[in-house]
Amino acid sequence: MLSVEKYLDVITLQLPRGLTRRASVRGGTVAADITTGKTRVAPSGGHAHAPDAAEHLHHHATDGVAELRFDLVHARTTQVARFPHRLSEPEYYTIAYPVMYLARRLDEMLLELFRKGYVKGTVALGTGNEAVAVAMAMPLRPGVDIVALMHRDLAAHLLLGATPYRLFCQYMANAESPTHGAEGNVHHGDAASRRFPMLSHLGK
130 MLSVEKYLDV ITLQLPRGLT RRASVRGGTV AADITTGKTR VAPSGGHAHA PDAAEHLHHH
190 ATDGVAELRF DLVHARTTQV ARFPHRLSEP EYYTIAYPVM YLARRLDEML LELFRKGYVK
250 GTVALGTGNE AVAVAMAMPL RPGVDIVALM HRDLAAHLLL GATPYRLFCQ YMANAESPTH
310 GAEGNVHHGD AASRRFPMLS HLGK
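The sequence shown: position 113 = 242 (this note's numbering), numbered continuously.
What the hints contain is simulated information worked out from the structure, not anything from laboratory work.
Where is the CB? At the ideal position from N, CA and C, for every residue including glycine.
There may be inaccurate statements among the hints.
[Stated by the list, open to error] Simulated restraints, written as ranges between beta carbons of each label pair:
#	residue 1	residue 2	range
1	His309	Pro219	35 to 45 Å
2	Gly257	Ser217	20 to 30 Å
3	His280	Tyr247	11 to 21 Å
4	Ala264	Glu237	14 to 24 Å
5	Gly246	Ala304	15 to 25 Å
6	Arg270	Lys249	26 to 36 Å
7	Phe325	Gly257	33 to 43 Å
8	Ala320	Gly257	25 to 35 Å
[Stated by the list, open to error] Below, computed lysine to any residue pairings styled on SDA-like, alpha-carbon distance capped at 25 Å:
#	residue 1	residue 2
9	Lys245	Glu305
10	Lys249	Arg234
11	Lys249	Arg281
12	Lys249	Thr308
13	Lys245	His316
14	Lys249	Asn303
15	Lys245	Arg323
16	Lys245	Ala260
17	Lys249	Pro268
18	Lys249	Met327
19	Lys249	Met279
Make a model of the complete structure from these sequences and hints.
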């Protein structure tokens, strides 16, 4: 079984206190467990559940091919995967594909929530851009490199430490969102992990 243990490194982050939310998509033979506390590759199970920020989300993630579990907890240090050299194809696919898949499933959930009226404003999807976003984000060092992601880069947000729960809170203008409910959709970032929020430049 492939492993990314050798790429683990510890960085310092400030995370909100008292929040614990998980989103899992399970299936297949390999599971990438990318958590705010750890990143590893492990055997997968056979069921699914999704963020509990809105009703019935768990019904939309039953045919996954890998597991990604995200825990949002209060902690000053976290382990992240760094990739200092070119990976072999099997190693790269094992790490990249689960993030791409999760990003696509989250996009589908967000679109359905938008159509049901749970999400206000607009939804900017990264569907079709997952591979580009992951390939761009993998060489970066979370908490060290500064990155300004755009509206199609959901997969990069996930790879660099964003959690599905907080992303759903952002779209639903929830107080537990990265902007504490002040803004919606893709206008968010995380100063602790050095991800700048994007700006929408509008004009006539």
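Results of checking the hints against the structure:
Look at His309 against Pro219: about 41 Å separates their beta carbons, and that is inside 35 to 45 Å. For Gly257 paired with Ser217, a C-beta distance near 26 Å keeps the hint of 20 to 30 Å intact. Separation of His280 from Tyr247 is about 19 Å and conforms to the stated range, judged on CB atoms against 11 to 21 Å. Separated by about 21 Å at the C-beta atoms, Ala264 and Glu237 satisfy the suggested range of 14 to 24 Å.
Under the hint 15 to 25 Å, the C-beta atoms of Gly246 and Ala304, about 20 Å apart, fit the expected range. Distance hint for Arg270 and Lys249: a CB-CB separation of about 35 Å, consistent with the stated range 26 to 36 Å. The hinted window of 33 to 43 Å between Phe325 and Gly257 is violated, with their beta carbons roughly 23 Å apart. Between Ala320 and Gly257 the Cβ separation comes to about 29 Å, which falls inside the hinted range of 25 to 35 Å.
With a CA separation close to 21 Å, the supplied pair Lys245 and Glu305 stays within the 25 Å bound. Annotation: proposed proximity of Lys249 to Arg234 holds, straight-line Cα distance about 19 Å (limit 25 Å). Between the alpha carbons of Lys249 and Arg281 the distance comes to roughly 18 Å, so the proposed pair stays at or under 25 Å and holds. Proximity of Lys249 to Thr308 is assessed by CA-CA distance (about 15 Å); at most 25 Å being required, the pair is judged to hold.
Simply put, Lys245 and His316 have alpha-carbon atoms about 21 Å apart, close enough for the 25 Å limit, and the pair holds. Restraint check for Lys249 and Asn303: satisfied, since their Cα atoms lie roughly 11 Å apart, inside the 25 Å limit. Restraint check: the Cα-Cα separation between Lys245 and Arg323 comes to about 33 Å, which exceeds 25 Å; the hinted pair is violated. Taking the CA atoms of Lys245 and Ala260, the gap is near 28 Å; set against the 25 Å cutoff, the hint is violated.
Annotation: proposed proximity of Lys249 to Pro268 is violated, straight-line Cα distance about 34 Å (limit 25 Å). The straight-line distance between the Cα atoms of Lys249 and Met327 is roughly 18 Å, inside the 25 Å bound, and the hint therefore holds. Our distance criterion of 25 Å between C-alpha atoms is met by Lys249 and Met279, whose separation comes to about 19 Å.
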